[in-house]
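Protein chains in written order, with the working numbering: chain P, 165 to 471; chain X, 165 to 471; chain R, 165 to 471; chain E, 165 to 471; chain B, 165 to 471; chain D, 165 to 471.
To be clear, the hints were calculated from the coordinates, so they are not data collected in a lab.
It is possible that some hints are incorrect.
Each pair may be met inside one copy or between any two copies, as identical chains are not told apart.
[Unchecked claim] EDC-like cross-link-like pairs, simulated, lysine to aspartate or glutamate; straight-line CA separation at most 16 angstroms: (1) Lys436 - Glu292; (2) Lys219 - Asp203; (3) Lys459 - Asp414.
Protein chains: 6
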Amino acid sequence: MNWNLPHKWRIACFLLAAFFLAAPAKAQLQSFPRQDLIDYTAQNPFERLPDGRPKVPDALLDRARGLSSEDIWATLQEKGFNNQFADGFVLAHPGKTLVGRAFTVQFMPLRPDVNDEAQAKAKIHGIEGLKNQTAIDMLQPGDVLVVDMFGKKVDGTVVGDNLFYYIMVATHGGGLVVDGAVRDLEGIAQIDMPAYFRATDPTPIGNVMLTGINVPIRIGGAMVMPGDLVVGDREGVYFIPPQLAKEVLDRADEIHIHDEWTKKKFAEGKYKSSEIYSSPKDPALKKEYQEYLQKRLDEIHKQQTQK
Amino acid sequence: MNWNLPHKWRIACFLLAAFFLAAPAKAQLQSFPRQDLIDYTAQNPFERLPDGRPKVPDALLDRARGLSSEDIWATLQEKGFNNQFADGFVLAHPGKTLVGRAFTVQFMPLRPDVNDEAQAKAKIHGIEGLKNQTAIDMLQPGDVLVVDMFGKKVDGTVVGDNLFYYIMVATHGGGLVVDGAVRDLEGIAQIDMPAYFRATDPTPIGNVMLTGINVPIRIGGAMVMPGDLVVGDREGVYFIPPQLAKEVLDRADEIHIHDEWTKKKFAEGKYKSSEIYSSPKDPALKKEYQEYLQKRLDEIHKQQTQK
Amino acid sequence: MNWNLPHKWRIACFLLAAFFLAAPAKAQLQSFPRQDLIDYTAQNPFERLPDGRPKVPDALLDRARGLSSEDIWATLQEKGFNNQFADGFVLAHPGKTLVGRAFTVQFMPLRPDVNDEAQAKAKIHGIEGLKNQTAIDMLQPGDVLVVDMFGKKVDGTVVGDNLFYYIMVATHGGGLVVDGAVRDLEGIAQIDMPAYFRATDPTPIGNVMLTGINVPIRIGGAMVMPGDLVVGDREGVYFIPPQLAKEVLDRADEIHIHDEWTKKKFAEGKYKSSEIYSSPKDPALKKEYQEYLQKRLDEIHKQQTQK
Amino acid sequence: MNWNLPHKWRIACFLLAAFFLAAPAKAQLQSFPRQDLIDYTAQNPFERLPDGRPKVPDALLDRARGLSSEDIWATLQEKGFNNQFADGFVLAHPGKTLVGRAFTVQFMPLRPDVNDEAQAKAKIHGIEGLKNQTAIDMLQPGDVLVVDMFGKKVDGTVVGDNLFYYIMVATHGGGLVVDGAVRDLEGIAQIDMPAYFRATDPTPIGNVMLTGINVPIRIGGAMVMPGDLVVGDREGVYFIPPQLAKEVLDRADEIHIHDEWTKKKFAEGKYKSSEIYSSPKDPALKKEYQEYLQKRLDEIHKQQTQK
Amino acid sequence: MNWNLPHKWRIACFLLAAFFLAAPAKAQLQSFPRQDLIDYTAQNPFERLPDGRPKVPDALLDRARGLSSEDIWATLQEKGFNNQFADGFVLAHPGKTLVGRAFTVQFMPLRPDVNDEAQAKAKIHGIEGLKNQTAIDMLQPGDVLVVDMFGKKVDGTVVGDNLFYYIMVATHGGGLVVDGAVRDLEGIAQIDMPAYFRATDPTPIGNVMLTGINVPIRIGGAMVMPGDLVVGDREGVYFIPPQLAKEVLDRADEIHIHDEWTKKKFAEGKYKSSEIYSSPKDPALKKEYQEYLQKRLDEIHKQQTQK
Amino acid sequence: MNWNLPHKWRIACFLLAAFFLAAPAKAQLQSFPRQDLIDYTAQNPFERLPDGRPKVPDALLDRARGLSSEDIWATLQEKGFNNQFADGFVLAHPGKTLVGRAFTVQFMPLRPDVNDEAQAKAKIHGIEGLKNQTAIDMLQPGDVLVVDMFGKKVDGTVVGDNLFYYIMVATHGGGLVVDGAVRDLEGIAQIDMPAYFRATDPTPIGNVMLTGINVPIRIGGAMVMPGDLVVGDREGVYFIPPQLAKEVLDRADEIHIHDEWTKKKFAEGKYKSSEIYSSPKDPALKKEYQEYLQKRLDEIHKQQTQK
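With the sequences and hints as input, model every part of the structure.
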């Protein structure tokens with residue numbers, strides 16, 4: 165598959181997206197106007213996507229593929245962000261890191277009176293049938309679809325393998341996180357995109373209504389804002405506020421070097437763990453580590469610059 | 165306690181409420197403007213409260229005290245409302261029916277960047293410290309406080325016995341439903357107001373932020389709109405759309421008469437259950453029942469008119 | 165209510181039951197012919213009910229009202245019956261002992277092809293609509309309705325308050341055990357009959373089919389045969405094979421006297437627990453206990469004879 | 165291993181099976197006479213096995229290896245069969261489809277009086293020791309052993325690796341579904357036969373009794389009849405009534421072609437998902453799809469005919 | 165019952181206890197010598213019991229009967245004691261406060277080789293049969309028996325109604341907390357002593373061994389030391405280190421007065437909750453509260469002194 | 165990595181261990197003096213490690229790599245050891261057998277007063293900061309670290325990938341069993357050492373205190389003594405008392421030959437399972453099996469002797 169679409173098509177995408185974006189904001193039950201999104205993510209240091217979401221740069225997304233949950237924990241807890249992690253998921257492809265920008269969607273239990281009104285409002289804005297595909301069609305390269313399906317299993321299958329495949333194409337392999345279910349697990353197992361879900365079920369989506377696109381949502385005990393940097397590993401998923409992305413990544417570089425060096429020393433079989441970890445006690449070892457850290461950081465920075 | 169406040173005080177309440185109501189709508193993360201509330205509850209056949217919520221009349225609230233879950237189920241499922249019931253709660257006072265108008269509140273896991281912005285916005289609108297009391301201070305007589313605390317136990321205690329007592333005073337004994345916890349259970353057990361919660365914990369509320377007042381929320385698998393008629397019994401809680409309130413109550417009258425007659429016949433010990441229930445097979449019995457039903461309905465209507 | 169029906173009516177009941185009994189045996193999916201029932205309960209020392217079930221005598225039922233789970237455990241485990249207890253129920257009336265003869269009913273998930281055939285067979289035998297009431301209408305005084313509803317909650321409500329009331333009348337207050345749900349808990353709470361269930365739900369029974377009446381069933385980890393002596397207390401429910409009923413009751417008399425004496429001695433405050441319990445160490449105490457036991461047993465036997 | 169046994173041996177198998185089949189039917193607690201089996205599966209359009217079970221033809225079993233849960237769901241729900249799916253299993257070999265004819269077995273908690281009688285009856289019919297192997301020895305090529313062990317873990321291990329291996333040989337790799345446990349997981353992991361179970365445990369089977377062979381059973385929320393077409397994938401297991409087997413398979417062919425085409429279009433990267441899925445909006449695309457569907461169906465039918 | 169034993173008997177008790185205490189310390193698997201107990205509870209400001217446990221004075225026990233979980237939480241969290249609370253229990257008598265000094269007992273799964281050795285060691289120290297009664301016989305007035313039975317239900321029943329009654333006599337109504345089960349719930353329900361347990365079961369204690377008496381134990385997530393002040397209410401149980409007992413109680417007095425005043429003001433119906441709670445904003449009200457607090461504290465202190 | 169350290173280094177290890185071992189025994193809350201360890205494992209037939217633990221010989225460890233749970237169950241239940249198995253773990257490397265000598269560690273919820281005292285005592289014995297590494301630094305080749313972290317997930321992560329790597333080096337690939345969590349699962353997944361844990365979490369260890377090293381501990385329902393032979397397979401973990409190790413292994417040899425022969429006969433496709441399993445009925449087959457068993461046992465013994 166070709167992720168590098170021609171420039172012209174990209175512009176078309178942009179315009180199309182802009183059109184789609186305007187409409188649902190007015191049509192959906194949980195409205196979260198563009199200005200609100202911008203206000204509540206005011207600390208974002210990066211550009212924004214056409215829909216107003218912070219755009220964590222592609223280069224940082226690339227670096228984030230090396231992250232694990234523990235790399236992220238250190239920075240986030242220091243900054244007082246203790247509710248950005250969710251776990252307890254089934255993983256479609258353990259070992260494949262999930263990285264992307266959060267595209268959030270909220271569903272609620274179907275309620276005919278409210279849904280009729282929402283569909284009527286949507287129709288006025290040119291949307292026939294407000295549903296999961298309304299949101300899916302808005303996905304951009306680099307996005308991770310993050311869906312609050314309130315843990316629903318039966319009828320709570322946000323996608324099957326066809327739309328799963330579409331998401332892979334549209335997000336360039338971004339990924340899916342759903343506090344709910346998927347169907348067609350046999351098909352999904354063949355498609356190489358990271359996915360986190362609570363359950364699988366043979367039923368298609370039903371008895372729910374789409375209530376928000378790119379609104380603040382909750383996934384388990386985590387608070388997710390549109391545009392968050394989403395990183396998932398075997399343990400679970402972190403939703404990193406954009407303003408912390410760079411700091412997380414820089415700190416992770418140090419953690420990786422630290423672990424590299426620590427294991428090297430352990431492999432020598434000459435030290436008790438506490439002589440080396442979490443930091444070397446002996447001044448000579450301390451110095452050795454500091455030099456190693458500096459050398460490797462330099463290498464990494466050089467590498468990053470060259471990209 | 166005197167629920168019948170003097171007229172003057174009522175007006176003051178009204179004005180105060182109006183003031184409070186305007187502010188949070190703009191300050192909260194999940195905004196749900198007054199017009200949206202009116203649009204999405206357009207089928208409401210009753211007056212509205214100053215804050216825009218449908219006002220199910222006091223007379224209907226009184227009648228609703230005789231409802232049980234099964235009375236409600238029949239009408240709601242017929243109309244396609246299958247997601248208006250929530251159960252699995254601990255009850256503070258089993259046997260005491262919960263009845264009132266839904267005043268909804270939403271909390272989410274604390275996220276400093278978003279919360280700081282929300283608090284700043286609140287301050288601009290004159291609210292110092294957006295928190296549980298911001299919502300609680302807006303409660304009206306006849307309200308039931310319905311809180312989405314996302315099932316949180318530790319730090320998820322929306323009130324202790326002091327605020328529980330306040331709610332009883334402010335709502336005239338309305339009640340509380342929280343998908344989360346309360347604290348001070350010993351104290352709450354002494355206060356005669358129906359309450360439904362998931363758990364208790366000695367910790368006070370913390371690590372959460374208030375994100376919406378009188379916005380659409382989810383309680384378990386139920387979809388709750390501000391102004392819904394809330395009815396709770398030993399089994400759980402129903403959130404009845406206002407436009408269905410009258411129909412539910414009328415049908416319940418018939419169900420009660422049916423059950424009354426059915427049990428009378430069973431008590432005679434002359435019939436197999438299927439001869440009487442769910443409806444009598446024998447034409448004579450059928451007639452007897454129809455006459456009984458009519459007579460009792462007449463009595464009830466007379467009684468209702470006299471009130 | 166008058167449990168003592170006139171003799172004539174009793175005969176009518178008997179004949180009616182016999183009619184009903186013959187039919188379903190042939191109509192139901194899980195057939196368990198009368199001869200099988202008799203073969204598999206061949207150790208029954210008592211008369212049989214018209215439907216072939218062992219009839220634990222009324223006098224023993226009366227005595228059984230004094231039993232608790234622990235009284236029963238001792239005899240049953242000694243005889244190698246380790247799977248006759250089920251717990252984990254919600255109790256409608258804790259503190260009210262459940263006693264009666266097991267009338268078993270089995271439901272299974274609805275399957276149209278099988279159900280159509282079963283209904284057709286039932287019709288041939290004169291039964292219109294094979295369903296919960298088919299079984300309920302066959303209940304006799306002294307019965308406890310024991311229902312395998314495979315733990316189903318939604319749509320798994322074997323009865324609401326109307327049929328619950330009927331069961332009380334028909335069984336003379338026998339009781340209900342259902343590995344499934346009931347509805348109308350508010351109504352049931354007003355009716356003075358012991359009941360054990362897994363859950364409550366506002367939905368009526370549905371999406372299931374009746375597959376057996378008075379067939380061997382499983383309730384949790386317990387194996388229940390029609391005619392078992394059912395005894396329930398705050399802890400759970402025992403299903404006692406009729407051939408062990410007398411032995412259980414006799415042993416319980418001794419246990420009660422033992423506990424009576426033990427507590428009396430403890431109340432004196434002069435002994436360490438191990439001097440008295442489980443049996444007194446001191447020869448003088450041993451003798452005192454033996455005499456007490458004999459005296460009380462004599463009193464009990466006299467009392468039982470006088471009844 | 166050679167699944168294609170010589171003809172002579174097959175006849176011997178048949179006769180042996182017939183002998184075994186007659187006996188247990190009379191010996192087991194839950195009797196389900198051959199005529200009942202035939203009556204309750206009267207809609208079966210295929211031949212029957214010697215034991216009376218519908219025999220879904222081998223050619224359909226082969227086609228069924230391409231099925232996934234979602235392929236089956238569509239047809240079954242349309243026909244009103246909503247209780248034919250069970251999930252929540254541990255899979256021995258995820259990714260290996262389970263296909264075969266249901267051979268059902270029911271166990272219940274051991275009860276000495278009933279078991280003694282059952283063993284005595286079995287002995288009269290020439291069976292020494294009614295137990296798991298009584299049923300296992302009756303398995304035929306193409307069978308899947310489906311066991312109701314009521315979710316039991318400790319002592320609820322229907323087989324270890326030896327009998328697991330035997331089942332593979334006897335059923336020609338058919339498979340095992342048990343609402344209970346297996347032991348010897350290390351050994352089972354080496355044997356290439358699909359298996360679905362709730363748990364593993366080191367204890368051997370015990371404290372249970374065999375109560376039915378080829379009787380209707382319940383697995384989770386599913387109703388299983390002997391001879392059902394069993395299909396299991398990563399999500400769970402479907403028990404398909406034989407009369408629906410062909411329709412399920414034909415519809416699955418269309419679903420597969422639809423998904424194939426849908427993904428091809430998505431891969432082109434030119435369409436929003438709703439333009440293509442669930443059906444193409446544009447008339448030209450609609451036509452393209454219809455032609456593709458027809459062409460592929462023709463190919464498949466040709467292929468099926470050639471086999 | 166007479167809790168006030170004559171002085172002579174008390175001395176006998178003391179001596180007996182001393183004898184018993186010395187022996188098990190040496191006989192039990194988890195040894196915790198008297199000196200260790202004293203070292204690890206060195207901050208205890210009170211006298212000690214003969215067995216070395218801190219002896220929170222009877223006067224403080226009396227005051228503690230007015231405590232609720234929330235009163236305790238405030239002081240403990242301030243001091244960094246976050247693991248002294250356990251909940252999730254079944255309560256024998258909700259509404260009856262549990263208060264006493266922790267007498268801890270630890271059981272572990274039976275292991276014949278270790279148990280044989282322990283029994284042999286016990287015999288050397290004059291204890292025949294190390295078991296639950298070994299510990300129970302050592303209970304003193306004012307004790308609460310706190311048992312780590314590792315959550316065991318079947319065979320994990322530390323006492324039935326006989327020993328439960330004994331504990332009531334021996335501890336003068338102290339109470340029981342067991343991370344495990346009790347049996348004879350019907351009997352226990354008649355005995356007026358607070359008790360907290362995880363489950364009930366008809367089996368007697370078995371398949372376990374006594375491994376420690378008055379050793380540090382864990383109950384759920386709480387760390388319990390012998391001699392801790394145990395306080396239980398409807399929410400759960402707190403294990404308060406003796407050195408914090410007085411501070412907890414003094415602070416609770418203030419909390420109670422605060423809540424009293426707060427509710428009085430709320431009852432007036434003139435204030436929004438935030439004007440009064442958690443502390444009054446208006447200087448006049450602040451003063452009013454301060455005066456009220458002082459007056460009531462004075463009353464309480466006078467009352468305490470008079471006792 | 166080189167597991168075969170030079171002799172000199174081994175002696176150093178020994179001395180260092182001896183030093184470390186003496187200290188913590190006195191410093192830890194749960195003291196278990198060397199003499200106690202020796203007393204309670206008096207049946208150990210092998211040498212002891214410097215710390216007093218039984219030393220199951222390396223040759224037996226090697227043979228144990230062929231064990232599965234079922235091989236062990238047979239011998240242990242026969243000897244009355246029914247509480248030596250724990251399951252319900254997540255496995256880092258399913259299919260990789262865990263074998264080694266139990267090195268036990270106990271943590272409890274942090275309690276500042278007790279922990280301060282423990283740290284002070286540790287300091288006196290030369291240990292700065294009693295914590296997980298205090299124990300980890302004492303690990304010997306052939307050890308399996310077995311940790312009672314009372315099922316804690318958040319803050320209950322006994323190691324991350326760095327210390328996990330250290331354990332692999334120090335124990336020569338022995339392994340880890342923790343009734344609690346690990347962190348850095350991504351890193352751990354790359355390190356080839358068997359590990360059993362309840363959960364993973366990004367938090368580091370915290371809010372706990374080390375209370376015992378090489379003391380008797382409980383893991384789930386299993387009782388673990390220091391020096392037990394630990395064997396883990398896909399099903400769970402067995403803790404085998406050293407005195408039973410040889411018998412378990414010898415019996416396992418027979419079980420393996422039995423299973424080998426049984427499967428060979430099944431593969432021939434000529435027998436019903438009950439003709440062969442669990443033992444052959446036919447005298448000729450019986451003889452064939454006996455000869456096969458003898459021949460294979462001889463081969464195995466020869467092989468074992470040659471090593």
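Results for each hint:
1. Taking the shortest alpha-carbon separations for Lys436 and Glu292, only the inter-copy value of 14 angstroms comes in at or below 16 angstroms, while the best intra-copy value is 67 angstroms.
2. With identical chains, the CA atoms of Lys219 and Asp203 are at most 16 angstroms apart within one copy only, with a shortest distance of 15 angstroms there and 34 angstroms across copies.
3. When the C-alpha separation of Lys459 and Asp414 is checked against a cutoff of 16 angstroms, the pair qualifies only within one copy, where the shortest distance is 15 angstroms, while the shortest distance between copies is 56 angstroms.
Taken one by one, the earlier hints all hold for this structure without exception.
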